[in-house]
Amino acid sequence: MAQKTQVRPISLLTAQGPERESAVRVLKERAVELYEELSEQDADVVGHAYNPFYHTYLLRKASIAVSQRILQRIRPRAILCTNNFLGGHFLRAARRLGIPSLGVLWTHVGTPEFHRAWSKAETRASDAEARPLVRLRRKVRRALYRLAGLGQQSWAPLMPVTCLALPGPFYRDVCLRAGLPAERLVVTGNIQCDDMYRCSQLDAATLADVRRSVGVPPDRPYLLYAVEHVARLHHLSPESGRDAMATILRAMRTAFPELPRVVKLHPKQGDDDRARIQSVDPHAIVLQESRGIGELVAAAGVVVSTISSSLLWAVGIDRPAISAYFWQGVDEQRALRMKQGVEHADTFDALVTALRNNVENPEHVAQWQARRAAAREVFLRVDGHSADRIAMKLLSLLS
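First residue of the sequence shown: 1, per the numbering used here; consecutive thereafter.
Careful: at least some of the hints might be erroneous.
Result set (DSSO-like, lysine-lysine): computed pairs, CA atoms no more than 30 Å apart in a straight line [unchecked claim]: (1) LYS339 x LYS28; (2) LYS268 x LYS339; (3) LYS28 x LYS120.
Label pairs and their in silico Cβ distance ranges [as the list claims (entries may be wrong)]: (4) GLU129 x ALA391: 18 to 26 Å; (5) ARG146 x ALA182: 23 to 31 Å; (6) PRO9 x ARG69: 15 to 23 Å; (7) ARG184 x ASP388: 19 to 27 Å; (8) SER309 x ASP203: 35 to 43 Å; (9) ALA182 x LYS28: 35 to 43 Å; (10) LEU27 x SER309: 17 to 25 Å; (11) GLU239 x HIS344: 18 to 26 Å; (12) GLN278 x ALA391: 39 to 47 Å; (13) VAL134 x GLY98: 39 to 47 Å.
Just so you know, these hints were derived from the structure itself, not from any lab. Since the model is a prediction, treat every value here as computed from it, not as a measurement. Positions of the beta carbon are idealized from the N, C-alpha and C atoms, including for glycine.
Generate the whole structure from the sequences, applying the supplied hints.
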């Protein structure tokens, strides 16, 4: 008889302000168990932020204490996780208690070298704007955090789990080159892969309904532009980000002035971004909260972005994907672009040509369809059974 295993989704909530209210609402809607149990002693950490030595000591102590309290209360048989919260102390505490854990790599990541280059560029940009004493304090704090095991993990596969479930063979090869042992790695696909598979199987009636829901004629595939949340790139100037977005919008309108143009904002973008887009292309349909990205991609004729994960979705669902890179001063981000299955266009004319080829040139369309199929073999397991493989691997850790 199969053994029943109870699954308890939990979230350790640390956000403040409007983000906290939004997180609480979403988590409660999904019946996720919330942990907000920092004691008064733990909360003292915030009051000592000015002292990097004492603050680091208190933060490490609080992280370990919170981890132990949660694990002792829940007493899980195994842990399934997608991030490395509390500086890794939660997972390390679980390991000390003999609790196995399975980490799931949730989305596309670059190599460790890329993430180090990105981190250094962000640090330089942030420090350049600070006073000398503030820069010195930051350097001391970063060094102390690393020594205390509290530094932000800049590379997701480094979470201290028993085993790491990966979306495709590409990520396994990257992990092996980074020194992770092969016995800790398993290629399963992930939940996004299953959603890609579902969206790739949508029938014509469902796709027509998606188009109607965004204000597009049901029989007309649209050009989809997935906008990045450029505010997270502190070393990218706002002017460069705005210019790049405007260039992409103008290229889409130049290539096909008669086709619907749909712009999907990042969830952290708002009315200012909407107004900026419509000032460049008044006829663009700008979406903030709408259907999931998978259905929007499936109903599109072509997907354009810079480095958004929407391009990975386009590869998984088998829709033309174009990476248009017009940012200035953030050259290390180019390394994050997928080199297989995604067409690169780095000038206005190249983007216009790529858009037209992916709609009007059957030979070009067939060539890139074959390239996307090859890319799926490397990056993703899109067969609708990723969740099953993850569940089986998690159960195997219990034996």
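Cross-check of the supplied hints:
Taking the CA atoms of LYS339 and LYS28, the gap is near 40 Å; set against the 30 Å cutoff, the hint is violated. About 27 Å separates the Cα atoms of LYS268 and LYS339, which keeps this hinted pair within 30 Å; it holds. The hinted pair formed by LYS28 and LYS120 fails the criterion: a straight-line CA distance of about 37 Å is larger than 30 Å. About 47 Å separates the C-beta atoms of GLU129 and ALA391, a value inconsistent with the hinted range of 18 to 26 Å.
Our hint of 23 to 31 Å for ARG146 and ALA182 holds, since their Cβ atoms are close to 27 Å apart. Roughly 18 Å separates the CB atoms of PRO9 and ARG69, a value that falls within the hinted 15 to 23 Å. In this structure the hint that ARG184 and ASP388 lie 19 to 27 Å apart at CB holds, the actual value being about 21 Å. For the pair SER309 and ASP203, the beta carbons lie near 25 Å from each other, so the given range of 35 to 43 Å is not met.
Distance hint for ALA182 and LYS28: a CB-CB separation of about 40 Å, consistent with the stated range 35 to 43 Å. In this structure the hint that LEU27 and SER309 lie 17 to 25 Å apart at CB holds, the actual value being about 22 Å. Checked against the hint of 18 to 26 Å, the C-beta distance between GLU239 and HIS344 comes to roughly 23 Å, which is consistent with it. Against the hinted window of 39 to 47 Å, the Cβ-Cβ separation of GLN278 and ALA391 comes to about 45 Å, which satisfies the hint.
Checked against the given bound of 39 to 47 Å, the beta carbons of VAL134 and GLY98, roughly 43 Å apart, stay inside it.
Going through the hint list in order, the structure does not satisfy hints 1, 3, 4 and 8.
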